[in-house]
Amino acid sequence: MKDERLDLSPLDPVRDELRWRRLAVRIRERAVPELARRAGREGVLGMLGHWAWPTAAAAALVALMSASALALIRPPEVMAHVVQAFDLEAPVSVWLLEDRAPTTDDLALALERDR
Amino acid sequence: MTEADDVLVVRARGGDADAFDEIVRRHMRAAYAVALSVVLEPADAEDVVQDAFISALERLDSCQPDRFAAWLMRIVRNRAISHHRRRRVRQSEPLEWASGVTSGDDPRADLDRARLRERLIEAMEPLPARQREVLLLHDLEGWRHREIGDALGMKEGTVRYTLFQARRAVRERLGYEETRKEES
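Line by line, the protein sequences are chains R and P.
One gets this note's numbering by counting positions in the first sequence from 1 and adding 117 to each.
One gets this note's numbering by counting positions in the second sequence from 1 and adding 68 to each.
With the rest of the complex left out, here is chain R (with noise of 0.2 Å):
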């Protein structure tokens, strides 16, 4: 069985280099607007993706140092100061420093005080 392999030389179209060239070149020529168009489109993309790491990442470190403090900082000793800041009075100044809501007997009791 004879199954050598056929020389097709003739048909290589790298025998004229020019001619051969010339196509590359106009293939690139042809490309130039389809590659910049491409080029356009990641620069859009690459300065939002600049924009947006950074924002991100800021907000992200202003979530952490605020649920930081807010762990490290104990409720008590905010109320306490909350209470001197705003001079706050009995019976406002206990429910606070208690950390809890006033019941009905505390309103019902605070009312008739003023009165």
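Some hints could be false.
Selected chain P positions facing chain R (Cβ under 10 Å, derived; list incomplete) [unchecked claim]:
1) A80
2) G83
3) R97
4) L104
5) V117
6) L125
7) E126
8) L128
9) A138
10) R176
11) D178
12) A182
13) R183
14) I189
15) R228
16) L231
Computed beta-carbon distance windows for the label pairs [what the hints assert, rightly or not]:
17) V78(P) - A218(R): 55 to 63 Å
18) G157(R) - Y229(P): 47 to 55 Å
19) A202(R) - V78(P): 56 to 64 Å
20) A72(P) - M182(R): 40 to 48 Å
Selected chain R positions facing chain P (Cβ under 8 Å, derived; list incomplete) [to be verified]:
21) L123
22) L128
23) D129
24) E151
25) L152
26) A197
27) A207
If you're looking for bench data, these hints aren't it; they were derived computationally from the structure.
Glycine residues also receive a C-beta, built at the ideal position from the N, C-alpha and C atoms.
Since the structure of chain R is provided, determine the placement of chain P on it from the hints.
Chain P only, in chain R's frame:
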């Protein structure tokens, strides 16, 4: 270091002209072989190659980067088939065997080469397009059976058999022409 096709495809998607140039440089010959196997005319094959690369660039986002070669060859084949259909409609236009590839330096050598080219193309013409494609990719482009199988979606054994059939048919036709010439 040579970058793999998939890396180049990703770069070209971002508009990297160097990556696209490298893709063209790497696949132009194979694209030409596939185009020629359909249109059977060098100048037409060049037009098809041009159009196919631009079309591929425009549709690059739909390509699976690690299957780029097979994807590109499909585009080339489809373009070539469309081109060939249009060409057949305009059959009054003469085929330009000699004008397809000429160096211009040595007209006699150019003419001899054009004759050889014409003989080979005439010998391939009656073959099914798939046989011509396998033959050109293997014997002109030096692709391996496995590479052809991957690109054309054929089993390696089928590629071997198709190649064998194509070579035999071309040899028979070239031999027949030789005999006919001697007789006349």
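The hints, checked one at a time:
1. Below 10 Å, beta-carbon pairs count as interface contacts, and A80(P) has one with chain R at about 8 Å; its hint therefore holds.
2. The interface hint given for G83(P) is met, as the beta carbon of that residue sits about 3 Å from the closest beta carbon of chain R, less than 10 Å.
3. Taking 10 Å as the C-beta contact cut-off toward chain R, the hint placing R97(P) at the interface holds, the least distance being around 7 Å.
4. For L104(P), the interface hint holds, since its Cβ comes within 10 Å of a Cβ in chain R; the closest pair sits about 7 Å apart.
5. Interface hint status for V117(P): upheld, as the beta-carbon distance to the closest one in chain R is roughly 7 Å, under 10 Å.
6. A distance limit of 10 Å between C-beta atoms decides the matter here; for L125(P) the minimum to chain R is near 5 Å, and the interface restraint holds.
7. Because the beta carbon of E126(P) sits about 6 Å from the nearest beta carbon in chain R, less than 10 Å, this interface hint is met.
8. A distance limit of 10 Å between C-beta atoms decides the matter here; for L128(P) the minimum to chain R is near 8 Å, and the interface restraint holds.
9. Checking A138(P) against chain R by beta carbon gives a least distance of about 20 Å; that is not within 10 Å, so the hint is violated.
10. With 10 Å as the threshold, the beta carbon of R176(P) stays out of range of chain R, its nearest partner Cβ sitting at about 15 Å, so the hint is violated.
11. Below 10 Å, beta-carbon pairs count as interface contacts, and D178(P) has one with chain R at about 9 Å; its hint therefore holds.
12. Because the smallest distance between the Cβ of A182(P) and any Cβ of chain R comes to about 8 Å, under 10 Å, the interface hint for this residue holds.
13. With 10 Å as the threshold, the beta carbon of R183(P) comes within range of chain R, its nearest partner Cβ sitting at about 9 Å, so the hint holds.
14. Contact between I189(P) and chain R, as hinted, is supported at the beta carbon level, the nearest pair being about 7 Å apart and thus within 10 Å.
15. Below 10 Å, beta-carbon pairs count as interface contacts, and R228(P) has one with chain R at about 9 Å; its hint therefore holds.
16. Interface hint at L231(P): satisfied, since its Cβ lies 8 Å from the closest Cβ of chain R, which is below the 10 Å cut-off.
17. Against the hinted window of 55 to 63 Å, the Cβ-Cβ separation of V78(P) and A218(R) comes to about 60 Å, which satisfies the hint.
18. At roughly 49 Å, the beta-carbon separation of G157(R) and Y229(P) lies within the given 47 to 55 Å, and the hint holds.
19. Between A202(R) and V78(P), the C-beta spacing of about 59 Å keeps the proposed range 56 to 64 Å intact.
20. Checked against the given bound of 40 to 48 Å, the beta carbons of A72(P) and M182(R), roughly 45 Å apart, stay inside it.
21. Hint on L123(R) holds. Least Cβ distance to chain P is approximately 5 Å, under the 8 Å limit.
22. Evaluation of the L128(R) hint against chain P yields a held restraint, the C-beta minimum of about 6 Å falling below 8 Å.
23. Taking 8 Å as the C-beta contact cut-off toward chain P, the hint placing D129(R) at the interface holds, the least distance being around 6 Å.
24. Hint status for E151(R): holds, given a least beta-carbon distance of 5 Å to chain P, under 8 Å.
25. A cut of 8 Å between beta carbons decides the hint on L152(R): the least distance to chain P is about 5 Å, and the hint holds.
26. At about 59 Å, the closest approach between the beta carbon of A197(R) and any beta carbon in chain P exceeds 8 Å, and the interface hint on this residue is violated.
27. Interface hint at A207(R): violated, since its Cβ lies 69 Å from the closest Cβ of chain P, which is beyond the 8 Å cut-off.
The structure fails to meet hints 9, 10, 26 and 27 from the earlier list, while all remaining hints are met.
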